[in-house]
Amino acid sequence: MPREIRLEAIDPLRHRIRRDESLGMRTDVVVYASQAILDQIRKDLSLEQAMNVATLPGIVGPSLAMPDIHQGYGFPIGGVAATDLSTGVVSPGGVGFDINCGVRLVRTSLAEAEVRPRMRDLINQVFRDVPCGTGGSGFVKIDEKQLDEVLERGARWMVENGYGEERDAEFAEAGGALDDADPACVSARAKQRGRPQLGTLGSGNHFLEVQYVEQIHDQPAARAFGLAAGQIVVLIHSGSRGLGHQVCTDYLAEMNGAMRRYNITLPDRQLACTPISSPEGQNYLAAMRAAANFAWANRQGILHFLRGAFRRIFGEATRLDLVYDVCHNIAKHERYEIDGQKRDVLVHRKGATRAFPPGHLEIPEAYRGVGQPVLIPGSMGTASWVLTGADGAMRETFGSVCHGAGRLLSRTAARKGRDARQVQKQLEEQGILVKSETRDGILEEIPEAYKDVDEVIDVVHRAGLARKVARLRPMGVIKG
Amino acid sequence: MFEILEHTADIGFRARGRTLAELFETSALALVSIAIETDDVSPRAEYPLAASGHDRESLLVNWLSEVLYAIDGARFALRRCRVAEISETRVSGTGAGEPRDPARHRAKLVVKGVTYHQLRIVESPDGWSADVFLDI
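From first to last, the protein sequence lines stand for chains A and B. Per our numbering, the first sequence starts with residue 1, numbered consecutively. Per our numbering, the second sequence starts with residue 481, numbered consecutively.
No wet-lab data here; the hints were simulated from the structure. Glycine is no exception: its CB is placed at the ideal position from the N, C-alpha and C atoms. One should not assume that every hint holds.
Unchecked claim - With a straight-line cut-off of 20 angstroms between C-alpha atoms, the simulated EDC-like cross-links for lysine to aspartate or glutamate are: (1) B:K588 <-> A:D440; (2) A:K416 <-> B:E565; (3) A:K43 <-> B:E486; (4) B:K588 <-> A:D419; (5) A:K416 <-> B:E486; (6) A:K342 <-> A:D391; (7) B:K588 <-> A:E437.
Unchecked claim - Some chain A residues judged to face chain B by a derived CB distance under 7 angstroms, without partners named: (8) T27; (9) Q40; (10) D44; (11) Y73; (12) F97; (13) D98; (14) Q125; (15) A184; (16) G204; (17) C248; (18) R407; (19) S410.
Stated by the list, open to error - Pair by pair, the computed Cβ-Cβ distance ranges are: (20) A:H360 <-> B:D581: 28 to 34 angstroms; (21) B:P605 <-> A:G257: 56 to 62 angstroms; (22) B:E486 <-> A:D180: 35 to 41 angstroms; (23) B:A564 <-> A:K342: 56 to 62 angstroms; (24) A:G340 <-> B:V602: 50 to 56 angstroms.
Next comes chain B alone, as it looks inside the complex:
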């Protein structure tokens, strides 16, 4: 579950998850759905995702940068995302989707990068939430 956050020049999202792993999964999907149309993505192939960081914040930024590279560099459209393992400094998992087809997976916004601007990861009794801003 995620919602869009406002920024004068860019765009952000607030993602939620019951666990840290779920937070990372939801954040990945939030980023993908800002960048491309995902309705027509078939989860027929897998794409490995892994990132490291020196704390939780850099771990999330580096993870989302991996997801962004999958979309814009490897040109793989993700529909689902699963975190297999996560610690304070490492995360790995897979994205399910297919190679990007410009006709079926139309670009919505070209996301340039994932920023630390007002980045916030919060743990509460209900679970986890994260605010992330993207440069577009």
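Only chain A is shown next, with the shape it has when bound in the complex:
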């Protein structure tokens, strides 16, 4: 059972756990949550995990917990921690097994009214054309040399090799590829595990959802993102597949062995870390960037196959344009003003989304006036959100917000007493078609397994970390 943890309210949306030196904490924990969400958070180990993160050497500012926080392993999911670039550590657990798991939002030239009557055809076509890849491999065949190019150049490689349109890479975080990725730091095993999986969705909570724009909350921002009420959009949620998973496994093992050499002791071995400046830290970061680039290439491949499916059903003239692509699991070198001083930090986002405000130079020019699109998937029966980054995120959360609704029920609890066909039927009655490679895939991701996404979004909106732009409603879901 979780231990008794004392939370102080800073205001109705911000709560603090004071630094406890006897537990090795180097800083406070700050939790963003409403009272109702806080009551849910207290039911699992996520706050304890956020306190463990506060023990990381070189942590700058508080260990942060977003309103979608839930229990992970090592880091909580929905956790953000910045470490000093010269004196701090890097923790593969602070990124997770699915390096650059993320979402991309695609807008279409179609309206809800013309798509609704052909939804079943569309979902069947997308299911055929976009592989889940759980049983075998995908449709992108690359050799070892090409894989190294993908690891260096991410989504850009895909676009240049016929898997995309010119503007796709520009509209992804970091332009769809991080610099300083080194394929030589990625093990042969990671490459073998990932190579056949390029352009596949995966399973678990990964999905592809056809949605319509239900409400616009911020007209100028929606216009900048090319979104209008009633428009059909597609949200793709996937990551770096087996390649990223193996990179994490490899470096976790290496760092677990190396920590003693750096005199680091931690309350949870899943937090294993070494100094950023150490050979282990540098190699991990070079491999992590390569895996992140693989993930962007993967989501780019999915978009390519998605375009084909839509055009087969609705004609060759159908437009599918990338609105944006954000990562949820990443560690990035960024610069923030802290106590009046500019500092270089490594921001670990474990189940958290970058949310840069208007004017930030890392946002594509077309969006710079309104802020970075922040894409928040909800559960498959509820809603997803488009937000924009706000100044509060730069001041308080290292430019970060939540990444989803946040799980409430375990997978076993979600399955208990439910029948997949029944769930499918209920969702169909609400106008949501679901097609899954596995029966359990549907049951484990039922809407009841998640927190209320609207309430999570309300917290970050009211706290000034991000602003609401549009609410999206699902019409069709494809799952691994």
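Starting from the known structure of chain A, fit chain B onto it as the hints suggest.
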């Protein structure tokens, strides 16, 4: 013998064995059966498995990471697992099974990795047990 353990976002198992070697064998099978359907796996080929660690916990995590690589990287479906040698820091053995056929060995869950989250290995008069959580 093993049972499934709950976790908000992921999944775990508690495995038991009369000996440490048996514990490692059972843990390997627990992981495989979470990832794929094993009923139709024929144990006609062998796959070598070996791992090292600096203590028993890291040995088990690294061993299971080997098994996971066999399934997801080498694409070999295991039906049985035998530990030939085990010490505090090294383990080796073989998996019996066949190359994965997506039609007959359907994927159940894509297991991303083996974690140290609440990892526990306990020795009692009845034998050994281990709690292991997987990221899915």
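Violated constraints from the hint list, given by number and in increasing order: 2, 8, 9, 14, 15, 20 and 21
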